[in-house]
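K.L.:
Top line first, the protein sequences correspond to chains B and D.
Under the numbering used here, read the first sequence as residues 51 to 300, first letter to last.
Under the numbering used here, read the second sequence as residues 3 to 392, first letter to last.
Everything hinted at is true.
PhoX-like, lysine-lysine: derived pairs with alpha carbons at most 25 Å apart: (1) B:LYS52 with B:LYS253; (2) B:LYS157 with B:LYS52; (3) D:LYS31 with B:LYS82; (4) B:LYS82 with D:LYS302; (5) B:LYS98 with D:LYS31; (6) B:LYS132 with B:LYS98; (7) B:LYS205 with B:LYS98; (8) D:LYS31 with D:LYS121; (9) D:LYS47 with B:LYS240; (10) B:LYS82 with B:LYS140; (11) B:LYS82 with B:LYS266; (12) B:LYS100 with B:LYS247; (13) B:LYS248 with B:LYS100; (14) B:LYS137 with B:LYS247; (15) B:LYS253 with B:LYS157; (16) B:LYS157 with B:LYS205; (17) B:LYS132 with B:LYS100; (18) B:LYS157 with B:LYS203; (19) B:LYS240 with D:LYS31; (20) B:LYS98 with B:LYS52; (21) B:LYS240 with D:LYS115; (22) D:LYS281 with B:LYS274; (23) B:LYS98 with B:LYS203; (24) D:LYS121 with B:LYS240.
Covered, in the sense of this in silico footprint (three residues per stretch, anywhere, with C-beta under 8 Å from a C-beta of chain B), are these stretches of chain D: (25) 19 to 30; (26) 53 to 65; (27) 68 to 77.
Simulated restraints on C-beta separations: (28) B:LYS205 with D:ARG44: 39 to 45 Å; (29) B:ALA79 with D:ILE351: 38 to 44 Å; (30) D:ALA316 with B:LYS247: 21 to 27 Å; (31) D:GLU30 with B:VAL65: 19 to 25 Å; (32) B:GLU281 with D:ASN275: 18 to 24 Å.
Worth flagging that the hints you see were computed from the coordinates, not collected in a lab.
Cβ coordinates follow ideal geometry from the N, Cα and C atoms, glycine included.
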Amino acid sequence: MKIAVCVKRVPDMDVRFRIAADNASVDEAGLKFDINDFDAWSVEAALKLKDANAGSEVTAISLGPDVVQETIRKALSMGADKGIQLKVDKVPFDGLAIARTLAEELKSGGYDLILFGKMSPDSANGVVGQMVAELLGLPCVSAISSLEIANGKGKAKRELEGAQEIVEFPLPAVLTVDEGLNQARLPSLKGIMAAKKKPLEVKPAQLPQSQLTVRKVELPPERKAGRIVGEGAAAVPELVKLLQTEAKVL
Amino acid sequence: MTDFYNLDSTLSEEERAVRDTVHSFVDEKVLPVIGDCYIEGRFPKELIPEMANLGMFGANLPEEYGCAGLNNVAYGLIMHELERGDSGVRSFASVQGALVMYPIFAFGSEEQKRHYLPKMAQGEIIGCFGLTEPDYGSNPSGMITRAVVQRDGSWVINGAKMWITNGSTAQVAIIWAKTGDDKSDKSIRGFVVPTDAPGFTAKDQHGKLSLRASDTSELVLQDVRVPADALLPKSGGIKSPLMCLTQARYGIAWGAMGAAQACYEEALAYAGNRVMFGKPIAGFQLQQQRLADMLTELVKGQLLALHLGRLKDAGTFSPQQVSLAKRNNVSAATDIAREARRLLGANGILAEYSSMRHMENLESVYTYEGTHDIHTLILGQAVTGISAFE
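Sequences and hints are given; from them, build the entire structure.
P.N.:
Written out as structure tokens, the structure is:
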């Protein structure tokens, strides 16, 4: 099988973000970056298929400036075979612009499966995988939580509100991966060393005109400190009263 | 992660990737179990296969022997992260890599290297290092263990070794023994001895109040016969085991700062959450001084370890520089751990928190691989030219 995994470099979300001077982006100074978790699970899904199907090849693809090479190498260190950087100066906010550029690369790759994380936590649009499928005219199953591939066909599960959906699809196909599909392997130390020797092709890419522009980014308002109205059963009447009159939730 | 001086920016992509892998391993696999292991007094053997798969054993030895072929800074970062979990876990990896795989690599024949190193990297063979004896700790040159060559070229070894990490877990032991008629330390040579050889016994040392999640054993060798090819052919004199100790001490200089970082971060988080007199205790000057002192010593020790690693990678480091780093960093780490435990108040004596466990562990680290005092004398000799040992 030939499998492409599209991976994105995202900031570690476990920090306090600062707004940059343009008021329309996040200040990247001091942030630590890594592969998007959803994309790491996609890489893991691809590697599991590779382990089960001898002769398979996994290609990690990322769009962005040269710093995304580190993200591609993360996928290579986990076990992907080769990498492609679609080199642009900046990753746009417009998912369609990203999708068109990726689709241009993917259409001639002869891939049986194209995997995406279902979203990235930085822009949180969750659209690129589906848009690429549409542009390539391929079937798409989004937010999958299980995956089986056999005899040129696939079966994937999606978690719905209180239910599960089982979807069958022919290959080639585009899938976007949800939490719970697997646990991504840690790159072994040998894998990290081997990744340096794997092919990583840098291709200059042309982004189409973005149709979306981020005008302003704001931090959520500071939360006010809580208030303790009393202790034990004695506090209940006052609490109920405040929930009705002040919070107006009852 | 505490990185007050942005040391991350001086690490290569590959060094950071190595650190991140071991960091995640420790978070996911070591921290959830280590408190219980410590109380139960057992080394978490179940972690060995994954440590091996990730490539943590002998990681700075060459790829052609099945190792990861990392540089020494990356190796140091592994030790730092493992000891952030527990000194016993780092000790296991130190012994396997620096004290068993390294001497086989440095003093072994090509056959020995090809036979042992890939299996040891894979964790299929675990090793231990027998130098210290009941009456010869700081003075290993005085050892009484002897190996006598037989007519057929085989050797018969007699003696006892003490405080041997991995002693009851290991399949092979590197045993250092005097040979021939020479009673001086020039006759000391290393042997790779299978621990199931007749006459070889390992006994767990009970009653430890430190390094409880580590196997520490006493070895007794009574007429243990090994073939001629058990000898490490290029070993010769006390210098050989001391070269191994230099490798291990280098890792300890990093590891101690890992333990210190765990204590500092635990203390910082606790100080921010624990409310006393109506505000978090982090708001009191006494605790701020504690935290500032801990942070300062942590940053200094990490800078020292990193620079030592760069010197080692450049091939220009000296054993005395390793002594200084081991001495300083372990001593600083014991202080940081103790202050962290105190900041945690009564909660600090619980195994649920890690500071007291690290504090107890570090007393062993302070004492092994050249005691703090011995490193003092090594430095004294280095700068004055006068040995205070004799």
